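Chemist: The lines below spell out each chain.
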Amino acid sequence: MTGTVATGRRRRLRGPRFALALPSIIWYALFFVVPIAYIVYYSFGTKDTSLLLPVDLTRLTTANYSQVFDATFFTVFKGTLRISVIATALCVLIGLPVAYYATFKVSERWRAVILALVVVPSFTSFLIRTVAWRIPLAPNGSLSKFLMDLGWVGENGIQVLETSLAVQIAVVYNYLGFMILPLFVALDRIDVRMREASKDLGAGRIATFTGVTLPLAGPGIVAGVLLTFIPMCGDYVAATVLGGAKGNMIGALIASQFGGAQNWPLGSAMAVLMIVAVLLTLVVGAAVVWLLPRVFGLLAPVAERVRRGIHERAMSDGAKGGGRTSGVREPERILLAAWTVLVLVFLFVPIILVFVHSFNRGQSFTIWSGHFSTKWWGELFDSAVAWAVLVRGALVIAGALVVRAALRRFTSLPPRAVNWIGPVGFSAAVMLNWAVTDRYRDVFEFSGVGDAIRNSFIAAFGATVIAVVIGGLAGVALARRPGAWTKVFMGVLFLILVTPEIMDAIALATWFPRVADLPLVGTLFTDGWGPFNGGINKLWVGQSLYASAVVTLIVRARLDGLDEALEEAAADLGATPARTFRQITLPLISSALVAGGLLSFTLCLDNAVISTLISEAGSTTFPVALLGATRSTIKPFWGVGAMILFVVTMASLWFVAVVLRRSGSSSSDIAATLTGGS
Amino acid sequence: MDKPIRILAPHSFREQLSRRAFLRAGTATAGLAIVAAACGNSGSVGSDTTAPASSGGGDWTELEGKATGEWSRKIAKSSGALAMYTWGDYNDPAIVGALAESTLGVTMKVDYYASNEDLITKLSASNGQSGFDIVVPTGPYVPQMIEKGLLQKLNKDLLPNIVNLDANYVGQPWDPNDEYVVCKDWGSAGFLYNTKKITRDLATWADFLDACENEASGNCSVIDAAWDFCGPYFWSQGKSANTTDAADLDAAEKYLVDTLGQHIKAFDSYPSTKIAEGAYSIAVAWTGDARQAYSRIADAGGNPEDWKWVLPGPKTQIFMDTYAIPVGAPNPEAAHAWINWELVPEISIQDLSYHGYHTGMKNMEQLLSELAPDLEKPDMIFFSDEQVKTMEAQEMNEALDRLVDILNKTKAKAGA
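Listed in order, the protein sequences are those of chains A and B. The numbers in our numbering rise by one with no breaks, and the one at position 270 of the first sequence is 270. The numbers in our numbering rise by one with no breaks, and the one at position 36 of the second sequence is 36.
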């Protein structure tokens with residue numbers, strides 16, 4: 001302990017230990033704890049549609065809970081858990097070989113390529129990718145007709161849509177990336193020497209994998225399971241778009257209680273039971289994880305004998321057959337490579353379909369009319385303005401690149417100083433077009449999609465800023481000022497992470513009308529402030545909850561690994577707390593902040609569930625508008641919109657990546673922190 | 001009101017009739033199809049609304065139009081953004097897009113809901129801050145919305161073109177003095193089925209339910225709204241879908257949840273696209289969406305001839321959707337301007353040709369022959385007097401909660 005009397009006094013002056021976490025505490029109290037508490041309260045109310053908010057809270061009852069336990073609703077519960085558990089298991093089974101291959105079997109360069117290919121699909125709107133599954137699975141579609149010709153499917157074609165199988169495919173597809181990345185990070189951290197040691201001690205490949213690699217990858221699997229299982233439980237997009245009657249998920253059922261059925265008490269009871277069910281499943285899962293090694297431990301002597309037997313036989317075979325081992329390994333490698341390629345194809349098929357179908361001449365996005373046409377692109381854009389924007393942007397960026405090349409060649413400035421010019425030129429192009437085209441409004445002929453895309457960025461950007469600021473501060477407080485408060489705070493964070501989105505959505509949607517009468521907060525969410533209307537403010541709140549929890553954990557993990565001595569030294573040298581924070585702590589956590597921010601941004605950009613329930617006319621984001629459109633016919637221009645969103649997102653990420661590279665973080669560091677690994 | 005008589009082409013002439021002539025025969029009935037018959041309209045309140053003082057004076061522009069006769073085509077230029085919250089695919093995209101911008105100077109944003117309850121939840125949960133300027137509730141839901149203070153009174157001075165509406169479509173029971181809503185359009189519901197999969201002839205709701213239980217089991221789709229979902233059962237039993245009789249409701253629950261539920265493939269209010277994808281072999285649909293299904297099927301390379309449209313007996317539904325302006329609309333002036341513009345006959349017919357619902361214009365027959373002589377499938381838009389007489393409109397009563405409950409339970413059962 002290096003603390004002195006002096007630092008002790010200074011600390012006392014800093015106020016309570018949770019001071020830095022105060023913004024988070026207020027935020028979560030106001031927009032998570034209290035709204036969720038209200039949902040619990042509603043769940044004991046009775047339905048009364050004559051009231052403005054259709055819950056009568058004067059007559060409290062537990063009838064709603066017994067109604068949920070009614071056999072009919074319970075089946076949907078069970079179905080949802082089944083789909084989620086199976087999908088999570090499938091994600092592990094499908095993802096593990098890919099992560100394993102990328103980590104151990106390929107060069108650094110190929111590893112980066114595979115990772116990038118895994119991540120890239122998640123930058124297209126996940127809603128449109130879900131919709132895109134309707135294309136290959138359609139009973140009248142080309143794939144179906146092809147299979148019918150082969151006689152592989154019956155005369156009704158592929159019968160997958162509107163079943164739980166379709167939902168199963170879609171959730172596995174949507175969350176596979178969230179499983180592969182944490183797995184990769186976990187495997188990447190395994191010291192290769194451990195595996196080598198295992199082999200030197202005579203363990204076979206399988207024994208090394210199950211005995212060394214898998215246990216060490218455990219934390220990654222747990223992280224992946226948490227990142228996939230919980231959102232799946234609350235998923236209602238896949239069920240709405242693909243599920244039909246058979247693929248109903250509890251998320252969709254709960255959402256319908258707050259809309260069509262106007263039965264808030266029943267919906268609340270379902271939501272409360274759902275989170276209990278999720279927690280129970282996690283407890284059971286944790287118990288299994290805890291038990292398994294011990295069971296294996298009991299079986300160890302047996303396993304050991306078997307292993308030794310196999311090994312001895314292998315040794316004697318090897319003695320006889322010479323260099324056979326490499327011959328055995330080659331097929332394994334090829335198999336893993338083939339599997340990885342298959343998975344990547346699986347990840348990319350819907351995106352390619354989205355791209356192709358944006359050129360569909362027909363009236364519907366999912367139904368290919370047999371004719372290529374750019375008409376929906378033309379319908380969406382004012383082509384003259386759009387071309388002008390592209391040309392203007394290209395000219396500015398080209399100009400910047402020319403300047404950079406000239407400076408490199410003719411001056412002796414260090415490359416670091418010159419490299420900034422590229423990103424600056426990019427920003428200048430973006431800003432110039434922003435100014436000339438009335439904030440890009442003129443680019444779009446059909447303003448609905450354009451506004452939705454712009455709202456998506458405004459909402460995601462604002463929510464990310466909030467998440468980075470309050471999450472960063474809370475992360476520092478957790479790592480550096482632990483105390484009695486940490487446990488409570490971590491509890492709330494855990495709840496935020498495990499609460500299915502649909503629950504947050506209904507909690508906030510029913511909470512905002514209650515807040516409306518409060519003096520300051522109410523005005524913010526009704527009238528908004530400055531250029532931001534109340535709807536955008538609500539989206540910031542809704543999208544920032546999960547994102548800020550993620551940032552908090554990443555920052556905390558980052559600081560946990562660093563000695564506090566630097567900060568203490570600064571304090572001993574007389575730096576004020578504010579200065580210490582600015583000059584020491586902030587640089588230390590900057591990479592975590594950037595990574596957390598990026599992750600938040602992509603999550604917020606895709607947010608459909610919370611945003612749909614709380615959005616308003618002026619703040620419709622792309623996923624919200626698209627989800628609305630899925631209720632009838634989806635026009636091909638939604639595919640066009642999704643491609644634009646994709647390009648813009650990729651451009652912004654490229655921009656961030658370039659900036660990061662300039663500031664010295666390596667790409668694998670970025671990937672590692674991106675996935676929440678620590 | 002004088003009722004033109006439906007002209008049936010004599011059988012021997014049918015072969016000689018061109019498509020256009022057939023259309024005229026079909027649309028001869030347009031003017032007489034009456035919501036009044038089903039809704040118990042009290043009288044001709046409509047004539048009282050004819051003279052909104054055009055006090056605005058110089059603000060009005062008179063549009064040019066192709067249709068002959070007495071039509072009001074006054075429009076008011078407006079500006080800014082106009083947000084509409086409506087049913088899926090319910091306006092010609094050209095009208096809410098470029099045309100609104102060039103004619104009225106407003107930029108429209110359209111969001112969609114799937115049921116009246118969704119609309120009401122959205123409006124009531126946002127305390128008049130939903131940001132929407134125009135909403136499209138179905139008639140029977142209007143009184144409830146007025147009572148909850150969700151709708152604002154219309155300024156009739158800003159809606160001079162309301163005189164273009166047929167007297168049958170104003171002064172409806174839910175808003176007898178036309179204070180809150182204006183007719184958007186009206187239609188009905190029936191079912192479409194694939195004659196390749198279901199080879200027998202289906203004509204009634206009983207046939208529909210029977211097909212669902214048998215050859216179409218696991219391949220049928222129903223509308224995802226409580227009253228629309230339960231209606232077919234009651235009608236198949238020769239009862240009213242507005243029954244409040246406990247025994248009727250119990251029987252409905254028993255049949256729909258325990259018998260029908262397991263056969264349902266989807267609760268889908270807009271099945272047209274999925275029909276074209278080949279997802280269903282039989283589907284209940286509102287008339288406009290059913291009409292669009294035919295072009296979707298052709299788009300997908302299928303044969304529209306394989307699909308038969310039935311307006312089922314003994315009874316089916318009729319509904320009227322209305323334009324209304326919610327309390328707290330940010331741009332009510334533009335909302336009025338837009339609703340008023342939609343009542344210009346040329347715009348109204350353009351919209352009708354797209355969504356396939358009768359927009360309530362007077363002299364519909366003449367309008368069609370002048371403005372949309374090639375209109376496809378008019379028999380799915382316009383209904384004869386006899387047909388309308390078999391149609392029943394939803395009434396708001398205490399049974400609705402129960403119907404919602406039945407729909408919920410059926411959904412849970414169908415997913416099991």
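In case anyone wonders, no lab produced these hints; they're calculated from the structure. Keep in mind that a hint or two might mislead.
[As the list claims (entries may be wrong)] List of simulated lysine-lysine pairs, BS3-like, C-alpha gap at most 27 angstroms:
1. A:K78 with B:K153
2. A:K145 with B:K153
3. A:K47 with B:K389
4. B:K362 with A:K145
5. A:K78 with B:K362
6. B:K362 with B:K77
7. B:K153 with B:K239
8. B:K148 with B:K77
9. B:K77 with A:K47
10. B:K148 with A:K47
Here the structure is a predicted model, which means the values were calculated and not measured.
Chemist: Are the hints correct? Go through all of them and say.
Modeler: Now for the hints, and whether the structure bears them out:
no., hint, result
1, A:K78 with B:K153, "48 angstroms, violated"
2, A:K145 with B:K153, "55 angstroms, violated"
3, A:K47 with B:K389, "36 angstroms, violated"
4, B:K362 with A:K145, "48 angstroms, violated"
5, A:K78 with B:K362, "55 angstroms, violated"
6, B:K362 with B:K77, "25 angstroms, holds"
7, B:K153 with B:K239, "36 angstroms, violated"
8, B:K148 with B:K77, "32 angstroms, violated"
9, B:K77 with A:K47, "45 angstroms, violated"
10, B:K148 with A:K47, "16 angstroms, holds"
Consistency with the previously given hints fails for numbers 1, 2, 3, 4, 5, 7, 8, 9, ordered from lowest to highest.
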